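Can you build the whole structure from these sequences, using the hints too?
Number of protein chains: 2
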Amino acid sequence: MSGEGEFGYIARRLAPLAKDAPGALGLLDDAAILSVPDGRELVITADTMVEGRHFLSGTDPALVARKALRVNLSDLAAMGTDAFGYLSCVTWPLNGPEGLKEGFADGLALDQREFAVSLLGGDITASDGPWTISITALGHVPRGAAVLRSGAKPGDTLMITGTIGDAGLGLKCALGELDLPSDDHEHVLQRLHLPEPRLALAAALREFASACADISDGLMADAGHVARASGLGFELDLAAMPLSPAASRWLAGQGDEAAARVFLATAGDDYELAVAVRPGTEEAFAAACAAAGVPAAIVGGFVEGGEARTIFQNEVLDIAAPGFTHF
Amino acid sequence: MSGEGEFGYIARRLAPLAKDAPGALGLLDDAAILSVPDGRELVITADTMVEGRHFLSGTDPALVARKALRVNLSDLAAMGTDAFGYLSCVTWPLNGPEGLKEGFADGLALDQREFAVSLLGGDITASDGPWTISITALGHVPRGAAVLRSGAKPGDTLMITGTIGDAGLGLKCALGELDLPSDDHEHVLQRLHLPEPRLALAAALREFASACADISDGLMADAGHVARASGLGFELDLAAMPLSPAASRWLAGQGDEAAARVFLATAGDDYELAVAVRPGTEEAFAAACAAAGVPAAIVGGFVEGGEARTIFQNEVLDIAAPGFTHF
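Chains as they are written, first to last, in the working numbering: chain A, 17 to 343; chain B, 17 to 343.
Hints were generated in silico from the structure; no laboratory data involved. Since we're looking at a predicted model, the values are computed, not measured. There may be inaccurate statements among the hints.
Here are the computed lysine-lysine pairs in the DSSO-like style, where the Cα-Cα straight-line distance is at most 27 Å [as the list claims (entries may be wrong)]:
{"no.": "1", "chain 1": "B", "residue 1": "K117", "chain 2": "B", "residue 2": "K35"}
{"no.": "2", "chain 1": "B", "residue 1": "K169", "chain 2": "A", "residue 2": "K35"}
{"no.": "3", "chain 1": "B", "residue 1": "K169", "chain 2": "A", "residue 2": "K169"}
{"no.": "4", "chain 1": "A", "residue 1": "K117", "chain 2": "A", "residue 2": "K35"}
So the derived label-pair ranges between C-beta atoms look like this [what the hints assert, rightly or not]:
{"no.": "5", "chain 1": "A", "residue 1": "E118", "chain 2": "B", "residue 2": "E22", "range": "42 to 48 Å"}
{"no.": "6", "chain 1": "B", "residue 1": "F23", "chain 2": "A", "residue 2": "D334", "range": "17 to 23 Å"}
{"no.": "7", "chain 1": "B", "residue 1": "D144", "chain 2": "A", "residue 2": "A308", "range": "52 to 58 Å"}
{"no.": "8", "chain 1": "B", "residue 1": "A219", "chain 2": "A", "residue 2": "N111", "range": "42 to 48 Å"}
{"no.": "9", "chain 1": "A", "residue 1": "G309", "chain 2": "B", "residue 2": "A308", "range": "54 to 60 Å"}
{"no.": "10", "chain 1": "A", "residue 1": "A27", "chain 2": "B", "residue 2": "G160", "range": "24 to 30 Å"}
Think of the CB as a built atom: it goes at the ideal place given N, C-alpha and C, for glycine as much as any other residue.
This is the structure:
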């Protein structure tokens, strides 16, 4: 990058990411111009990732870019959104490692093809602090059809997409605190670095879900966010929590299974969906998810009152800290 | 803030900033939901400010918040946009000074009243690096009416709102590199810390401008951005550059007036508008600006070819670096 500067990098690496979005104006203007299709509403979210806090120093910069985009797309997915674009504000570390900027653009290029979104704008700067990336992601939904956290009703079933806890194990592996067999190690690291935003489930959510949140802080915390926003309580059966083969093998080696399952349910970074499914539609929802290649499992339900009951083998667990908070 | 945590701060200080925007969902959901009025297009921009790079450490945090919002609103203003909201991604410095978070929320509260915008979402995190704020600002324009950088035609007049160079002098004062009389000192610091996004000129721009950019990198650089995006050159007469009384008094004390005017025209951070006004409508544009309380001055024009000619007292100046680049 020596000598190229801000405008050169934008022209060479970022403008190509905006070429399919005419409203991005080639990233040459003060702002982007977007049309929202008739009968649709815009959905917008923004999240930051900071080196050393949300990802480890030395992580492949392409993976960092992809995760920064994916965690935002996951927020859109939770609302049943059809995603179409994003803005990227990146603060490079001064004297950062070789290849950071190229890897970042490579990662964005890969994932915007994968998820059919375009770069629409943003900003580039640098500081003597950690690498920091703020992404704003955009999508749309049919008017009035967005799935909110606050829509759960008593009697709704709590369902979970994919598997829970892999990213938590992946972080332990990345930190050198855990050894897993080679394939399992690869799997949980992949799940840590490349969460799968469940955008493919947008239509199914809009049809069957009364509420939803993506699981970033941990299954228990985010199920709790849905319950609280809906003025309800919830029950969660940790025995029903869907696990990957890797997580199941890890679990089999743990002495205290209840504590191990609580770890998986509170580790966060899953970017699966915690869904309040209307009673009687659980099978139809699971079938719609399966048709999109995503498993969905029943793990509990929403109830009157404000209580969060986490049970395992018919015992109610006493949980001190249900999830990760960011500061 | 001790003990309050992320969710407490959001509920106590940020959620009130979102209360007039139903689509912000009380900042309790994964994303915000927005409707764009019929016949209008969305305009969206995002910019980052980093402590030590875009503002000095120790700056009043309310001023930092207001400038972070204002520089984004300025980008919207340059396109003739009616602004309505913003998302804020903030990374606090760990062990930052007392009052940072309160001051930040105070500043946003003040300016969102001033500019009739609402907080719509965002993110909060922390790092051991400098305080970093990324704002995404949103507005709308009548479909097809956005004023682009690329619309200038040969023969268009280059007009400038407000005055140029005050923020550059303000930065010198803030750094202790310049002493000005007390009132002038106050004026240029105010201009550094609180740029005036020219949102009030949105309708006038849409009526009379064929192109526009806001002046963040410096008058010469940003006039050049308009010219280049339009495939044109431009002429700029530094003698015609509008100056505040404070800048005029500073200028009167400089030995080399041409060099001093080049400093003012390249210092940046003005957040005024460089406008390509259709020939014959200059007076009407200036009158519309004056009706909104903003002066507008003719400083040059756009011409065929790609040349940037900066003149002063009938001499063409040779300018090495027309503006600030960010890394």
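Outcome of the hint check:
no. : hint                         : result
1   : B:K117 to B:K35              : holds (19 Å)
2   : B:K169 to A:K35              : holds (24 Å)
3   : B:K169 to A:K169             : violated (59 Å)
4   : A:K117 to A:K35              : holds (19 Å)
5   : A:E118 to B:E22: 42 to 48 Å  : violated (34 Å)
6   : B:F23 to A:D334: 17 to 23 Å  : holds (21 Å)
7   : B:D144 to A:A308: 52 to 58 Å : violated (41 Å)
8   : B:A219 to A:N111: 42 to 48 Å : holds (47 Å)
9   : A:G309 to B:A308: 54 to 60 Å : holds (55 Å)
10  : A:A27 to B:G160: 24 to 30 Å  : holds (26 Å)
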